[in-house]
Amino acid sequence: MMLNACLNPFETQKKLFDAWEKNLATSMDRMMRKPEYMSLVSQQLGSTLKLRGMLREPVDATLKSLGLPNQDELQNLYKTVNDLESRMLDLEERLEDSEDARSAMAARMEAPPAPSAAPAKKARTKSAARATRSASTTTRKSPRSRKGGK
Amino acid sequence: MDAMPVLDLDGAAAGAADLTHFLSSLPDIQERYKAMEPRVGQTPRDMIYREHSVTVHRYRRDTPATVKTPFLLVYSLVNRAYVMDLLEGESFVEALLQRGLDVYLMEWGEPNRGQSHLTLGYYVKHYLHRAVRRVLRHAGTDKLTLAGYCLGGTLALLYSALDRGERVANLITMVTPIDGEHEGVLSWWSRPENLDVDQLVDSFGNIPAEFFASSFPWLVPTANMKKLRALYDRHEDPEFLDSLLALHMWGQDNTSFPGEVYREVMKQGYQENTLMKNGGWCLDGEWARLEDVRMPVLNLAASYDHLSVPESVACLSPLVGSDDCTEKSLPTGHLGIAFGKDARNQHTPDYWDEIASWVKDRDVAVRGDRHECH
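Residue numbers (the working numbering), protein chains in the order written: chain A, 57 to 206; chain B, 72 to 445.
There may be inaccurate statements among the hints.
[What the hints assert, rightly or not] Which residues of chain A face chain B? A partial, calculated answer using Cβ under 8 Å: (1) Leu63; (2) Leu72; (3) Phe73; (4) Asp85; (5) Met94; (6) Leu96; (7) Ser103; (8) Arg108.
Hints listed in this document are in silico derivations from the structure and should not be mistaken for laboratory results. Keep in mind it's a predicted model, so treat the numbers as computed, not measured. We put the CB at the ideal spot given by N, CA and C, even for glycine.
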């Protein structure tokens with residue numbers, strides 16, 4: 057006896073959709089890799105950009121007649137402002153560098169001199185521990201010195 | 072005789088109920104989408120550097136970092152960087168913080184017109200260099216871990232080549248295109264016979280966001296259909312819904328691409344394939360040579376990536392001078408390393424563990440205390 061298959065239209069629809077999506081993705085990927093297709097896209101983009109270029113002259117003329125800045129003039133203004141901002145940051149960094157250098161020098165001046173002679177083993181260990189403590193205290197007090205720019 | 076199919080009446084009734092429920096929940100989904108914007112990129116942070124459109128933020132920590140080497144993450148120039156911190160519980164940045172890292176994020180922002188003439192060399196040698204110095208100053212260290220995502224990885228790689236280990240202790244590149252002649256559609260589109268880069272840049276200056284918004288969907292033309300299908304199946308799962316909607320919102324939120332940088336990336340990166348053919352990139356007359364990348368390198372590719380196809384990514388190891396270069400292809404998509412909990416990206420937290428432990432193993436000595444400069 058033959059068994060009858062159960063049909064759920066919604067599940068079938070989902071399976072159909074999945075199969076269609078998969079095939080469509082493959083076909084479209086294949087199509088987009090064809091030189092003929094890319095040539096058409098390239099031509100369309102080229103024409104659009106050419107039209108954009110052609111429109112620029114009358115737009116510039118209109119802006120000029122209205123006493124308004126055109127794209128190039130605005131761009132130059134942006135460049136100037138950007139340049140100023142960068143220069144200000146350069147100056148800030150230089151100031152920070154010199155402050156760091158000053159702090160580092162002050163810290164070095166404050167640090168106690170290292171012991172000149174080597175005492176007995178036990179005493180040497182204590183002195184090393186003191187020096188380490190002193191160095192770490194100095195490090196915490198003084199801001200980091202920083203390497204210069206490239 | 073063939074068996075005649077019998078209509079599964081119970082199944083059909085359930086399917087009809089599902090469809091009705093889905094259609095009736097569409098207005099709620101739309102409302103949820105509208106409410107998504109304030110929910111993305113919410114990990115608390117402070118800006119430590121801003122110049123033109125470029126910013127660097129440091130993410131706040133409740134506890135001191137267990138990894139002393141600061142971690143500077145550089146995102147791509149095309150989309151917004153908040154995908155690195157997309158949603159609470161699914162955020163790359165948040166995950167790195169939880170794993171003990173001191174995280175900084177560099178965002179390129181929407182370039183203004185005055186940035187259209189700036190070269191890739193300027194972006195690497197000026198902006199990225201300044202960002203690195205600001206992070207080092209803020210963290211109070213000599214060195215940092217530099218990590219780049221997508222094209223951000225290219226910039227991080229070139230910076231590391233010029234830096235020669237002076238400031239960059241470790242380099243991580245994620246889904247970063249290296250080989251410009253791979254078989255991906257993006258590479259095919261960018262061939263000189265298909266794309267007149269000069270005409271495009273000369274016409275626009277900065278390449279407008281709309282150009283990418285209209286061309287990127289063609290990389291996977293059925294992506295939106297897939298999303299709709301997933302939405303239909305899982306619209307009752309709020310976590311999945313949030314992920315899908317947040318990612319969709321981010322995908323629509325492109326930025327313009329700085330013109331001269333676009334020209335160089337397309338011409339040198341893709342058309343001339345300079346990293347593969349010349350082993351480096353000429354930045355304003357100065358060669359950034361990959362053989363000078365001698366610090367530890369972790370290079371991660373994604374097997375299902377349609378933008379930076381794995382063949383174009385997982386080929387860095389023979390090019391760099393590092394003796395400690397780990398290269399891996401992870402079973403996920405372009406964003407799967409940084410985001411996700413859905414079916415394909417359920418292993419994302421494992422990737423985060425892997426990245427964090429790689430950095431921990433290469434943690435370098437710290438010089439001293441932090442400079443708080445909020």
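Requested in this report: Quick one: which hint numbers does this structure break? Sort them smallest to largest.
Outcome: Failing hints, ascending: 2, 6 and 7.
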